[in-house]
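> Residue-level listing of the chains:
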Amino acid sequence: MQDKIKAVALISGGLDSMLAVKVIQDQGIHVEGINFYTGFCVEGHTHAIRSKDKAKPKRNNALWVAEQLGIKLHIIDIVEDYKDVVINPKHGYGANMNPCLDCKIFMVNRARTWMEENNFDFIITGEVMGQRPMSQRKETMPKVAQQSGAFDRLVRPLCAKNLPETLPEKEGWIDRDKLHNITGRGRKPQISMAKDFGFNDFAQPAGGCCFLTDKAYSNKLDDLWKNRGEKRYELDDIMLLKVGRHLRPNERFKIMVGREEGENNYLEGYTYAFSHIRPLDYTGPLVLVDGAPNAEDLRLAARLAARFGSGRDAEQVQVEVTQLDGSRIAMHVKPMPVADIPLEWYL
Amino acid sequence: MSEHNLNARNLLCPMPVIRTQDCIKTLEKGDELTVICTDPGVVNDIPTWCRINGHEVLAIQEKGREIHITIQVG
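In order, the protein sequences belong to chains A and B. Start counting the first sequence at 1; every next residue gets the next number (this note's numbering). Start counting the second sequence at 1; every next residue gets the next number (this note's numbering).
For reference, chain A alone in the conformation it holds in the complex (with noise of 0.2 Å):
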């Protein structure tokens, strides 16, 4: 007798996925899931960093969605083997340091790992043809199938019958005619759906699931490289890229400012791995400074820094620089006037 058939999920937390795991369930598949950590979420610790998101509801989506559907979930933290994804994208980078299609393909390689070491079946993807990104377009969504070592192990329950058939299809496991055709970026029939399922509550986040689909963090990696000389990051590295504002007076350093008061609590775990700028006289902001800073630009830092604080009216404040080496300064200095900042030091 045919042991229970049983599909692995990928969950990102978001609608598609939770539909995909509901159509199969639906079939008497049996379904768990998994939710890949790379470092660039968006969710969670994000929320968790900012004082004012503290009223904000902190719960992760991919745990809540498994919870609704009756499923396990098993979050994988793949920080270190996703970064090759991230640096070498084979097949380049989306409108910003986006690496979609490598990063499905990425993602539906672990997934056929996990199925074969935990003797599960198949694999489902929340995809739907033709939606943003770009791994999921017509021409694409094969090569993930290939490339990815899935093949016809692959079931996107959304728009599967855009799709020739796979596996499970052809073996009776699920019905083909129980599946979607769901095409394109409109949400209508996925809207409807979930109505369908009684779902009147689930995430979908307007601007995706990954801090690298952001133009403004792109931009930050992107200085990030060009001043390191070389495409490397490290787990904080790309989550103080997360945090805070960001200024890059000249090619020697960076200074990253805490925006509030959870901003500055997070910082505060740095302080042991850079130079860092406090207020003496006035409240202001923890200031982190990042490089290989000479006196001249510890000045120039500590004036951008008193720039934040209460007293950046002031004819002179005082602040405490703190060196690497943990020596300590005290320093007068005219904050720097807010005209007198280039807005192209804004990272």
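Hints in this document: simulated from the structure, not taken from any laboratory. As the structure is a prediction and not an experimental result, all values here were calculated from the model. For each residue, glycine too, the CB sits at the ideal point set by N, CA and C. There's no promise every hint is true.
Label-pair restraints from in silico Cβ distances [unchecked claim]:
| no. | chain 1 | residue 1 | chain 2 | residue 2 | range |
| --- | --- | --- | --- | --- | --- |
| 1 | B | Asn7 | A | Lys178 | 41 to 51 Å |
| 2 | A | Lys170 | B | Val43 | 21 to 31 Å |
| 3 | A | Gln323 | B | Lys63 | 30 to 40 Å |
Each computed DSS-like pair below joins lysine-lysine, with the alpha-carbon atoms no more than 25 Å apart [to be verified]:
| no. | chain 1 | residue 1 | chain 2 | residue 2 |
| --- | --- | --- | --- | --- |
| 4 | B | Lys25 | A | Lys72 |
| 5 | A | Lys143 | A | Lys6 |
| 6 | A | Lys72 | B | Lys29 |
| 7 | A | Lys90 | A | Lys161 |
| 8 | A | Lys83 | A | Lys215 |
| 9 | A | Lys170 | A | Lys138 |
| 10 | A | Lys161 | A | Lys6 |
| 11 | A | Lys6 | B | Lys25 |
| 12 | A | Lys72 | A | Lys195 |
| 13 | A | Lys231 | A | Lys90 |
| 14 | A | Lys178 | A | Lys188 |
| 15 | A | Lys4 | B | Lys63 |
Every beta carbon over 10 Å from chain A, so not counted as near; a handful from chain B, in silico [what the hints assert, rightly or not]:
| no. | residue |
| --- | --- |
| 16 | Thr34 |
| 17 | Arg51 |
| 18 | Glu62 |
Given chain A, put chain B in place with the hints provided.
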């Protein structure tokens, strides 16, 4: 039954959940794990993860800026 601690301080969600998940894989049913975190997001995320994976949250305690979550492995 044995008791264990997991340091997840200064990690942002979902890393505390991932560390909890990976640690629990090494424990036995009935064991207790206390996860020590600083990201307030864990107050939602770890109990949700426990509910969908069959573990029980025994206590959530705020201690200054830390949150201690005690879980019994299911």
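> Quick check: which numbered hints come out false for this structure?
2, 7, 15 and 17
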